[in-house]
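S.K.: Protein sequence lines, in the order shown, are assigned to chains Y and A. For the first sequence, numbering that gives the first Met the number 0 gives the first residue as 0, with consecutive numbering after it. For the second sequence, numbering that gives the first Met the number 0 gives the first residue as 0, with consecutive numbering after it.
Incorrect hints may have been included.
[What the hints assert, rightly or not] Partial list, computed: chain Y residues near chain A (C-beta under 8 angstroms): (1) Asn2; (2) Ala3; (3) Ser221; (4) Val222; (5) Ile225; (6) Glu227; (7) Asn279; (8) Tyr280; (9) Ser283; (10) Lys284; (11) Ala289; (12) Gly302.
[Said to hold, decoys possible] Taking lysine to any residue and the SDA-like style, the derived pairs with C-alpha atoms no more than 20 angstroms apart in a straight line are: (13) Y:Lys284 - A:Ile206; (14) Y:Lys220 - A:Ser54; (15) Y:Lys220 - A:Arg90; (16) Y:Lys220 - A:Gln81; (17) Y:Lys220 - A:Gly67; (18) A:Lys57 - Y:Pro226; (19) Y:Lys284 - A:Glu65; (20) Y:Lys284 - A:Val58; (21) Y:Lys284 - A:Cys115; (22) A:Lys56 - Y:Met229; (23) Y:Lys7 - A:Ser83; (24) A:Lys60 - Y:Lys220; (25) A:Lys100 - Y:Gly278; (26) Y:Lys284 - A:Lys57; (27) Y:Lys234 - A:Lys60; (28) A:Lys60 - Y:Ala285; (29) Y:Lys7 - A:Lys100; (30) Y:Lys220 - A:Asp92.
Derived by calculation from the structure, the hints in this document are not laboratory data. Note that the Cβ used here is the ideal one computed from N, Cα and C, for glycine as well.
Single-letter residue listing:
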Amino acid sequence: MENAEQVKMFSESIAKIKEQIHKDVVGQEDIIDSIIVAIISGGNVLLEGVPGVGKTRTVRSLSKVLSLPFSRIQFTPDLMPSDVTGTNVIEKDENGNMKTKFEKGPIFANLVLADEINRATPKTQSAMLEVMQEHKVTVGHETYKLEEPFFVLATENPIEQDGTYPLPEAQMDRFMFKLLMTFPKLEELSEIVNMTQITMDETAESVVDGETILAMRELAKSVPCIPEVMEYAMKLVAATHPEIPEASDTAKKYIKYGASPRAGQALITAAKVRALVYGNYNVSKADIQALAYPVFRHRVKIGFNAISEHLTVDDVIGLLLKEVK
Amino acid sequence: MLAGGAFIAIKVTGFDTSKYFSAGETDLTALVIAGAGVLVAAALFCLIFFPFRPSDKKVAKRLDEELGLNEKVQTMVAYRDQTSAIHEIQREDTISILSAKPTKALKFKTPILLICAFALTAAVFTTSQVLPKKEIEISHQQKPEDPPYVVSTWQQEALVELIKYVKESEATNDAKKYLVHNLESLLNYISNEDGHTQTEMFQQIDIICAMNDADMNKVNISDDIGDALFHSASTGVRQIGQALKQGKPEIVEKAILDLREDLNRETWKAYGQEVHEELGLAMKEALGNIHVYETDEEGNPTGVEIDLMTLPMPKQLWRMSISILSETEACKSQAEFYEALKSPCEQCAAKLPDLIVEEAMNVLVKDYVNKRLIEIFKVTPEDHKIVTSTSNNTNWEDNGQDNNPGGYGKGDFVVGSDDTILDADEGYVPYAEVIGKYLAELIEMYEDGVLPEEYKDIIDYYYGLLYGTEKGDTEEIVQGDGEGTGE
Numbered sequence: 000m001e002n003a004e005q006v007k008m009f010s011e012s013i014a015k016i017k018e019q020i021h022k023d024v025v026g027q028e029d030i031i032d033s034i035i036v037a038i039i040s041g042g043n044v045l046l047e048g049v050p051g052v053g054k055t056r057t058v059r060s061l062s063k064v065l066s067l068p069f070s071r072i073q074f075t076p077d078l079m080p081s082d083v084t085g086t087n088v089i090e091k092d093e094n095g096n097m098k099t100k101f102e103k104g105p106i107f108a109n110l111v112l113a114d115e116i117n118r119a120t121p122k123t124q125s126a127m128l129e130v131m132q133e134h135k136v137t138v139g140h141e142t143y144k145l146e147e148p149f150f151v152l153a154t155e156n157p158i159e160q161d162g163t164y165p166l167p168e169a170q171m172d173r174f175m176f177k178l179l180m181t182f183p184k185l186e187e188l189s190e191i192v193n194m195t196q197i198t199m200d201e202t203a204e205s206v207v208d209g210e211t212i213l214a215m216r217e218l219a220k221s222v223p224c225i226p227e228v229m230e231y232a233m234k235l236v237a238a239t240h241p242e243i244p245e246a247s248d249t250a251k252k253y254i255k256y257g258a259s260p261r262a263g264q265a266l267i268t269a270a271k272v273r274a275l276v277y278g279n280y281n282v283s284k285a286d287i288q289a290l291a292y293p294v295f296r297h298r299v300k301i302g303f304n305a306i307s308e309h310l311t312v313d314d315v316i317g318l319l320l321k322e323v324k
Numbered sequence: 000m001l002a003g004g005a006f007i008a009i010k011v012t013g014f015d016t017s018k019y020f021s022a023g024e025t026d027l028t029a030l031v032i033a034g035a036g037v038l039v040a041a042a043l044f045c046l047i048f049f050p051f052r053p054s055d056k057k058v059a060k061r062l063d064e065e066l067g068l069n070e071k072v073q074t075m076v077a078y079r080d081q082t083s084a085i086h087e088i089q090r091e092d093t094i095s096i097l098s099a100k101p102t103k104a105l106k107f108k109t110p111i112l113l114i115c116a117f118a119l120t121a122a123v124f125t126t127s128q129v130l131p132k133k134e135i136e137i138s139h140q141q142k143p144e145d146p147p148y149v150v151s152t153w154q155q156e157a158l159v160e161l162i163k164y165v166k167e168s169e170a171t172n173d174a175k176k177y178l179v180h181n182l183e184s185l186l187n188y189i190s191n192e193d194g195h196t197q198t199e200m201f202q203q204i205d206i207i208c209a210m211n212d213a214d215m216n217k218v219n220i221s222d223d224i225g226d227a228l229f230h231s232a233s234t235g236v237r238q239i240g241q242a243l244k245q246g247k248p249e250i251v252e253k254a255i256l257d258l259r260e261d262l263n264r265e266t267w268k269a270y271g272q273e274v275h276e277e278l279g280l281a282m283k284e285a286l287g288n289i290h291v292y293e294t295d296e297e298g299n300p301t302g303v304e305i306d307l308m309t310l311p312m313p314k315q316l317w318r319m320s321i322s323i324l325s326e327t328e329a330c331k332s333q334a335e336f337y338e339a340l341k342s343p344c345e346q347c348a349a350k351l352p353d354l355i356v357e358e359a360m361n362v363l364v365k366d367y368v369n370k371r372l373i374e375i376f377k378v379t380p381e382d383h384k385i386v387t388s389t390s391n392n393t394n395w396e397d398n399g400q401d402n403n404p405g406g407y408g409k410g411d412f413v414v415g416s417d418d419t420i421l422d423a424d425e426g427y428v429p430y431a432e433v434i435g436k437y438l439a440e441l442i443e444m445y446e447d448g449v450l451p452e453e454y455k456d457i458i459d460y461y462y463g464l465l466y467g468t469e470k471g472d473t474e475e476i477v478q479g480d481g482e483g484t485g486e
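Isolated chain Y (complex conformation) (with noise of 0.2 angstroms):
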């Protein structure tokens, strides 16, 4: 049951988050919020970038503020699925006997940065998205349960796309935000730059734990979503599919496929986190619209209107956030 100090908790505890991250992350306001919110939401999240933008350095960050172990992944074409999962591998004891040990992958972290997943295996892929679904490894007959919170944050480069492998739409659908990292300003290099001259280490400072992230997870359960709210979320999840009766004229214009309910589920559980994280206490449609963009952005494929008419997936979400009211 919440309380008012578990409330206040959560408040304090963003504002430290947030602080401390920026320490060693310039800029890149609205991609931490997103990543911040998706951690205490359970989900997981694609991050598009060129590389050098700080995608590393973000996760490395955050790990280190949340106190969570962290591992980075760097996913290669020639990359197992055991490299990923860790394998049994047999050694002797003190005895001299065989015996097999499971030595744990890289997975086993809390905080897992899967570098340019696109350019692993189909299979190296599936092994690491079973894992982000279900937050367990299955190994021979041994099940390894993950420790919470789990969250993954995977790459894509979005130059290099030979030798890639695009993740498929049903594996895209698993990750709860698609957020895009874009170059950094002008200034905001500049000040990249003068910081790195002085360390590339991060100094950011641990300011919570595993438990707190738990508790705030479990606290942003709890915050109110009216009905006309949660209509408005669904109708805008409807309003993507051209095929159904609620469909929008944009959608029928413009998408080939619609998101999945698993979209609307991402929709109101990142808004409680949202709410909260802005200081709010309840979840508004402001939360959802702003929210739609990366929940949408890696569920909805666009069609050949949209691409002959140079239209992105985000200004295709753009016109349906306009047209449904």
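Put chain A on the given structure of chain Y with help from the hints.
M.R.: Chain A alone, transformed into the frame defined by chain Y:
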């Protein structure tokens, strides 16, 4: 509410409302109506506000939308019964934010429905008091007075005397029958205990006079002439006959004029001779048994044509027939026509004077009756000048009459009547202009032996009444007042 407020404002400020509507007793009425207006407006307000007032949900939604509160108020209202910490904090947060908002931030929403209801109520009650009362006053002014008509004893006695006169007159039995019947119906009418208004009475007199005219036309010989013509083969002649049978002089005149006009048309000229001949034959055949002739002292026909202009109803017909027949080849000359007319049969020779006399007497009696009815019942001091027969004294008491506007004694001189009569030469003229001429014609007829001796008294009496002279002074009338002496 506006009506009540306006009324109160008027009373407080002492505003002069008499310019706009009648004062006095309307004050109390206005107060009552204004009060009723207030009650009705209040009732309307309750009826509209409570059922149709916005719900908490709608109010909350409006607050969120207009103040940019992102569903805070709606959440607070929706979960007002929740007691968890997050809900309480949410409520506190919302209230604190609302409190911080300036009051001007919320725009006033015009309640169109309420305003319309108030405006309608105010308009109804205010207009009923502000509109001037002149309409009613004007309508009262325009409405003519129609006082009750009280029949005096004298009037009843005069009517009874008139009935007696008709019975004893020299009119034919048929004529008497109709006249007496009409007068007795009038007597029953005025004897009705329900009473009548002046308008009703005057209308009834007009009806009786019109009935007398119509009945006399039916009785008189012109009906026989009309019947004879009505069976003619000629359409024009039949129209004249039909008009004669109806007994309305204006219709006869019109029929004659129509026939004359037809004959004068250009299109008829090509057939004129033939039409004239046909008409001439038709007229001659129809009038074959009716002759105009002159008799000597012994009553023998002299063969001299009688002046047809002295005859009342058929004279137009005679003139027309003469002019038509004289133009036809059936009569090579006017002399031959007259010759034809001069050869009457013996029955007609004996009959015609009586017919003419009877017809004239019927008309005389009928005219007297109608005039007398007007004198007794219809004339008021405002409508006519009243001059006594001897002294021009308008004091009725000098004449021994009671001061009753409905009654006039014998010898009163009544002028100013705008009654008209169809004159043979002039058309419709005021009776006063031709009365002398008619009297002269009657005198001449009497002197020529056409009228019997005993008719002279009737003529003297009748015209004496009209002129206000003593009996026997018709000569005086003719010499002093007559315009034209007839032909």
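S.K.: Under the criterion that the straight-line Cα-Cα distance not exceed 20 angstroms, is the pair A:Lys56, Y:Met229 satisfied?
M.R.: With a Cα-Cα distance of about 16 angstroms, the restraint between A:Lys56 and Y:Met229 holds, given a limit of 20 angstroms.
S.K.: Against chain A, with CB atoms and a cut of 8 angstroms, does the hint on Y:Glu227 hold up?
M.R.: Holds. Min distance 7 angstroms.
S.K.: Just to be careful: measuring from the Cβ of Y:Ser283 to every Cβ in chain A, is the smallest value less than 8 angstroms?
M.R.: holds (4 angstroms)
S.K.: Compare the distance between the alpha carbons of Y:Lys220 and A:Arg90 with 20 angstroms, and conclude whether the hinted pair is satisfied.
M.R.: Holds, at roughly 18 angstroms.
S.K.: Identify whether the interface hint at Y:Lys284 stands, where standing means a beta carbon of chain A within less than 8 angstroms of its own.
M.R.: holds (6 angstroms)
S.K.: Does Y:Asn2 pass the interface check with chain A, least Cβ-Cβ distance below 8 angstroms?
M.R.: OK, holds: Y:Asn2 within 8 angstroms of chain A, min 5 angstroms.
S.K.: Is it true that the CA of Y:Lys284 sits at most 20 angstroms from the CA of A:Glu65?
M.R.: holds (15 angstroms)
S.K.: Could you grab the alpha-carbon distance between Y:Lys7 and A:Ser83 and see if it respects the 20 angstroms cut-off?
M.R.: holds (14 angstroms)
S.K.: A:Lys100 and Y:Gly278 were given as a pair; does the straight-line alpha-carbon distance stay at or below 20 angstroms?
M.R.: Satisfied, since the Cα-Cα distance of roughly 18 angstroms is no more than 20 angstroms.
S.K.: Assess, step by step, whether the Cα of Y:Lys284 is no farther than 20 angstroms from the Cα of A:Val58, and give holds or violated.
M.R.: holds (18 angstroms)
S.K.: Under the criterion of a CB-CB separation shorter than 8 angstroms, is Y:Ala289 in contact with chain A as hinted?
M.R.: Constraint on Y:Ala289 not satisfied, violated at 11 angstroms.
S.K.: Does A:Cys115 lie within 20 angstroms of Y:Lys284 when you go C-alpha to C-alpha?
M.R.: violated (36 angstroms)
Consistency note: the structure conflicts with the earlier hints numbered 11, 12, 13, 14, 17, 21, 24 and 29.
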